[in-house]
Amino acid sequence: MNDRIQSRLLQWSALFLFLQSVILTLSPAVRERSWDVDYRLSHWIGYLAWVALTVLTHRVTTKSMAERDPYLFPAAALLSGWGILTIWRLDESFGIRQILWLGVSLILFALALRIRPNLSILRRYKYLFLSGGLFITALTLAFGTNPLGFGPRLWLGCCGVYFQPSEPLKLLLVIYLSAYLADRASIQLFSFPLLVPTLVVTGLALLLLLVQRDLGTASIFVCIFTIVIFIATGKRRILISATLFLLLALLVGYFFIDIIHIRVVGWLNPWDDPSGDSYQIIQSLLAVANGGALGRGLGIGSPLLVPVAISDFIFAAIAEETGLIGTLGLIATIWLILARGLITSLRATDRFRRYLAVGVVAYFGVQSLLIIGGNVRLLPLTGVTLPFVSYGGSSLLTSYIALYFLLAISNTEEVEPAQLHDPRPHSILAGVLAIGLAASALSAGWWAIVRGPDLLTRTDNPRRAIADRYVLRGELVDKNNTPINVTEGQSASYLRTYLYPQLAPVTGYTHNVYGQAGLEASLDNYLRGLQGNPTSLILWNQLLYGTPPPGLDVRLSIDITLQSAADQLLGGHRGAILLMNADTGEILVMVSHPVFDPNKLSEEGEALSQDQYSPLLNRATLGLYPIGTGTLPIIQAEFGERQPTDTELKAFYEKLGFYQAPILSMPAVYDVENSQVEQLRISPLQMSIAAAALSSGGVSPAPRIATAVNTIEQGWVILPALGMPSNVLQEQAANDAAQAFLKQGKSYWSHTGQASLNETIITWHLAGTQPDWQGASLVLVVALEENNTFLAQFIADNLMSAVLSQ
Amino acid sequence: MSGSIVLALRLITALVLFGFLGWALYYLYREVHRQSASIASRRVPGISIAIRHEPGKSILKHFSQPEIILGRDPGSDIPLMDDTASARHALLSYHHTQWWLEDLTSTNGTFLNNLPITMPTVITSGDEIRCGGTSLTITLSENIIVEPTLRIGKKP
Numbered sequence: 001m002n003d004r005i006q007s008r009l010l011q012w013s014a015l016f017l018f019l020q021s022v023i024l025t026l027s028p029a030v031r032e033r034s035w036d037v038d039y040r041l042s043h044w045i046g047y048l049a050w051v052a053l054t055v056l057t058h059r060v061t062t063k064s065m066a067e068r069d070p071y072l073f074p075a076a077a078l079l080s081g082w083g084i085l086t087i088w089r090l091d092e093s094f095g096i097r098q099i100l101w102l103g104v105s106l107i108l109f110a111l112a113l114r115i116r117p118n119l120s121i122l123r124r125y126k127y128l129f130l131s132g133g134l135f136i137t138a139l140t141l142a143f144g145t146n147p148l149g150f151g152p153r154l155w156l157g158c159c160g161v162y163f164q165p166s167e168p169l170k171l172l173l174v175i176y177l178s179a180y181l182a183d184r185a186s187i188q189l190f191s192f193p194l195l196v197p198t199l200v201v202t203g204l205a206l207l208l209l210l211v212q213r214d215l216g217t218a219s220i221f222v223c224i225f226t227i228v229i230f231i232a233t234g235k236r237r238i239l240i241s242a243t244l245f246l247l248l249a250l251l252v253g254y255f256f257i258d259i260i261h262i263r264v265v266g267w268l269n270p271w272d273d274p275s276g277d278s279y280q281i282i283q284s285l286l287a288v289a290n291g292g293a294l295g296r297g298l299g300i301g302s303p304l305l306v307p308v309a310i311s312d313f314i315f316a317a318i319a320e321e322t323g324l325i326g327t328l329g330l331i332a333t334i335w336l337i338l339a340r341g342l343i344t345s346l347r348a349t350d351r352f353r354r355y356l357a358v359g360v361v362a363y364f365g366v367q368s369l370l371i372i373g374g375n376v377r378l379l380p381l382t383g384v385t386l387p388f389v390s391y392g393g394s395s396l397l398t399s400y401i402a403l404y405f406l407l408a409i410s411n412t413e414e415v416e417p418a419q420l421h422d423p424r425p426h427s428i429l430a431g432v433l434a435i436g437l438a439a440s441a442l443s444a445g446w447w448a449i450v451r452g453p454d455l456l457t458r459t460d461n462p463r464r465a466i467a468d469r470y471v472l473r474g475e476l477v478d479k480n481n482t483p484i485n486v487t488e489g490q491s492a493s494y495l496r497t498y499l500y501p502q503l504a505p506v507t508g509y510t511h512n513v514y515g516q517a518g519l520e521a522s523l524d525n526y527l528r529g530l531q532g533n534p535t536s537l538i539l540w541n542q543l544l545y546g547t548p549p550p551g552l553d554v555r556l557s558i559d560i561t562l563q564s565a566a567d568q569l570l571g572g573h574r575g576a577i578l579l580m581n582a583d584t585g586e587i588l589v590m591v592s593h594p595v596f597d598p599n600k601l602s603e604e605g606e607a608l609s610q611d612q613y614s615p616l617l618n619r620a621t622l623g624l625y626p627i628g629t630g631t632l633p634i635i636q637a638e639f640g641e642r643q644p645t646d647t648e649l650k651a652f653y654e655k656l657g658f659y660q661a662p663i664l665s666m667p668a669v670y671d672v673e674n675s676q677v678e679q680l681r682i683s684p685l686q687m688s689i690a691a692a693a694l695s696s697g698g699v700s701p702a703p704r705i706a707t708a709v710n711t712i713e714q715g716w717v718i719l720p721a722l723g724m725p726s727n728v729l730q731e732q733a734a735n736d737a738a739q740a741f742l743k744q745g746k747s748y749w750s751h752t753g754q755a756s757l758n759e760t761i762i763t764w765h766l767a768g769t770q771p772d773w774q775g776a777s778l779v780l781v782v783a784l785e786e787n788n789t790f791l792a793q794f795i796a797d798n799l800m801s802a803v804l805s806q
Numbered sequence: 001m002s003g004s005i006v007l008a009l010r011l012i013t014a015l016v017l018f019g020f021l022g023w024a025l026y027y028l029y030r031e032v033h034r035q036s037a038s039i040a041s042r043r044v045p046g047i048s049i050a051i052r053h054e055p056g057k058s059i060l061k062h063f064s065q066p067e068i069i070l071g072r073d074p075g076s077d078i079p080l081m082d083d084t085a086s087a088r089h090a091l092l093s094y095h096h097t098q099w100w101l102e103d104l105t106s107t108n109g110t111f112l113n114n115l116p117i118t119m120p121t122v123i124t125s126g127d128e129i130r131c132g133g134t135s136l137t138i139t140l141s142e143n144i145i146v147e148p149t150l151r152i153g154k155k156p
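So the protein lines, in turn, are chains A and V. Quick note on numbering: the first sequence equals residues 1 to 806 in our numbering. Quick note on numbering: the second sequence equals residues 1 to 156 in our numbering.
Hints listed in this document are in silico derivations from the structure and should not be mistaken for laboratory results. Model, not experiment: these values are computed from the prediction. For each residue, glycine too, the CB sits at the ideal point set by N, CA and C. Treat the hints with caution; some may be incorrect.
[To be verified] Per label pair, the in silico range of CB-to-CB distance:
| # | chain 1 | residue 1 | chain 2 | residue 2 | range |
| --- | --- | --- | --- | --- | --- |
| 1 | A | I435 | V | I39 | 23 to 33 angstroms |
| 2 | V | K61 | A | R114 | 52 to 62 angstroms |
| 3 | A | V55 | V | M119 | 45 to 55 angstroms |
| 4 | A | P534 | V | G22 | 48 to 58 angstroms |
| 5 | A | D91 | V | I39 | 49 to 59 angstroms |
| 6 | A | F255 | V | M119 | 56 to 66 angstroms |
| 7 | V | P66 | A | E67 | 49 to 59 angstroms |
| 8 | A | F255 | V | I39 | 48 to 58 angstroms |
[Unchecked claim] Residues from chain A that keep clear of chain V, each with C-beta distances beyond 12 angstroms, as calculated:
| # | residue |
| --- | --- |
| 9 | S27 |
| 10 | A29 |
| 11 | E32 |
| 12 | D273 |
| 13 | D277 |
| 14 | L305 |
| 15 | A332 |
| 16 | V432 |
| 17 | P483 |
| 18 | R642 |
| 19 | D646 |
| 20 | V699 |
| 21 | A733 |
| 22 | W773 |
Isolated chain V, as found in the complex:
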């Protein structure tokens, strides 16, 4: 009799042990699910760039991708029709919740508010970038909430 009761207890104990592991696996599955969902839904705050090839005349372009390449290359996101610009001149990228400007070792340099940049630099609305003869004015969309990467273990 005692043997049967303890046998049942032994079976339940084994189930509980695997219940512990099962829950851990279930939560891990949910973590993967949530992480992939949150990375997929990670939005880049829009950036508007006013491109001025010659004084007085500007084109406004809007981007929502995390990397923007500026250069003379026609495949660039912002083609610079300018002989003083390099083929791949500069990179605008979004990471660490900021937009960064980086010079891609261009021949004539990239200037932010008339200062040459040597390392990736954070930019804000109203900054003026000059690549060769082209000037660009940045406007960051303020109405978009900058969402940090969703992290696991945090209440949504």
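Only chain A is shown next, with the shape it has when bound in the complex:
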């Protein structure tokens, strides 16, 4: 029966890992959405090695330990196989190392099963073991290194093989405590016999904490000690006082020990410092959120974004790729080991074995809870490994030795367990561990399901930039469908290319380091396929690939021929040009100089952001210029020849929209700093909306730049104007003003104005078609950051004649 349970459970784990390996093999095809990819195959070595080692160990257990607990080994084998595949997926070389360590662990495990050393040896030589462990740990103080080259120096070793003595030290502490307590008939609280181990453990914990800065191991020591003493004495006071002690230590550490301070702050307030001390925990939460309910599938997520994903954050990596459903299974498997361990302890034939089993359960349970809780921000982060799963030879070997103890204790023909005075401590311990695991599962669910969608839109979520490399982004095209910004290359290396770089201040950019700007930012949802696509398609793509669907093309009202003419006319001068359809508000030309080349953003980005002439700024909508005599034709249309008072002027400006930002599908501003009419500044866009009233019979149109989006189902769909047109002038007054500013020999009205602010002189030039013009009515605004009425006039005349002769 035992053998059947064990072999059946092992078959299920083998099937699970087989399917995970198949998914990992196919993962490049899913990521790049093509069958023509390099499939991942190397991890099959790991899978086959796992199968061979597991079959071997299964054989040995069935032969030498007929009465063992049949659940423990399959659960541990499932966890370590899962760990190996995850590590292999993250880093192949570490996967190979881990499978070697699993080989060493399982062969030692099998040898121990064969030879069946008597556990009472442990009991007899407890001080030898303990002092040996302490000695090796002390050696790390002197010769400790870190294989990564930085961080806490907790390892001993050379020539590429490293060992962390604090891992087996936990087990040696368990052995020592069990033997010590089993040797004493009854344990009284506050007695001398309890003082010695208390001092040993507290001293050890403090030493680890202060000298090695190993917060995790120190707290595990205190917890294991508390649990074993609690089981031995049955006094609940111990649990309570140990909890108080840990809280006190946390509080003291918060104020006096920087490593604890950092961890506690990062735990309580991770959002304050997402790129510094809280970087790890936030990236971990983002990974859990990206996993969602089902997970992305092994090899399809991006768990490598989380620092040290192979050991400390392997739970986050598993959560991202197998989702909540996988983490629930993982937590349930850990619970299986803990529960069977406690049953083994209850059935143990003597007190030493009972305490030893409880100690091993405490070691597995506390360490799993600390690191899972740390990964999902249930507890402050402590850098410990997840038993059986995390990368780390010392951890894996120690876990299997501890598992051997449990199997050896459970393997007994004896019918009657040792006498148990009080059943409550075992129930309480089981309850505490179960509550801890359930809280971890709930917490994982909270971040994956409830907060997940919210978290993933954070700008420090690098997965958006990664998705951009794999999913085609929509194009920006001009009014005649001439491409402006396109995405080129193959899936996995898609690159945004800007075919008309002079338009960069307007269309902006999308970049993995510098983020997004301009229309690329404001139209991002369309270009990324999150808007305009059916919800079912978006959900389906999220489910299959964890990315949005291919993006949709957006058509702009820009006329690239006129735009390029305007760019040439403005040349190296600083300023802005806006040409707008006065009836519909469609913006045909939007020029902002100086410009930059977004294709070279990676190299020039830093310099551009510090350039004193701010080339990144779109002067047409975000640049604010003093009004001066620029608005003369409009004012004259309203007030005639008389000089309006400031109050009248302010009311009129409000009507013209100078005190509010124009609403269109790109960022635009108004002058929030100055409300006095003399100091008020306006953007060229505001000016052209107001000036359009002269050409359109007194109506200011609602500006538009994104005019249509190319949806899958309905083709090009019109994007309506976001704002409302408003009647700002009497029709007759507007027509009269347009007539009044009609210059000799021209078919359009025009006006040159000037304004000065802080010794800078601004030249405005306004021009527009007559109300009775047969073609599309147009309005043009030129704003130059220099005193150059001639140039403004020249630009306007050239552009107007170009557009009117079209």
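Place chain V on chain A using the hints.
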């Protein structure tokens, strides 16, 4: 296409993971079931006790319960009508697959084959117990197979 295939694989993988846990739970359920059944069916080998209050005259009693109390108390399993016996004098109990005799700190002591006992002692067929003035002769039923507690994980 690859996405749909892998989605199906992902779902199957999740099912298999819970298949592992489901089987473990199923076996645990069967363990509980079997353990309770085996404890319920655990039988105590019968014990026959010949009680001799006075020489030559004896009553034979048969017991199948795991604990038998001897004493002057009328509620005892074997009431001892004897002034030299204590109210709760001695205990016969079955555990660890044996019948054990234990003195319940009686005033005049319990004797097994004429030797006073100070700790729980295993008894066998033909042993003679004396409590005060009463002698009891034990006969263990040999035709009943002494069944050890059924343990989980063992083929029945």
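Indices of hints not satisfied (ascending):
4, 7, 9, 10, 11 and 15
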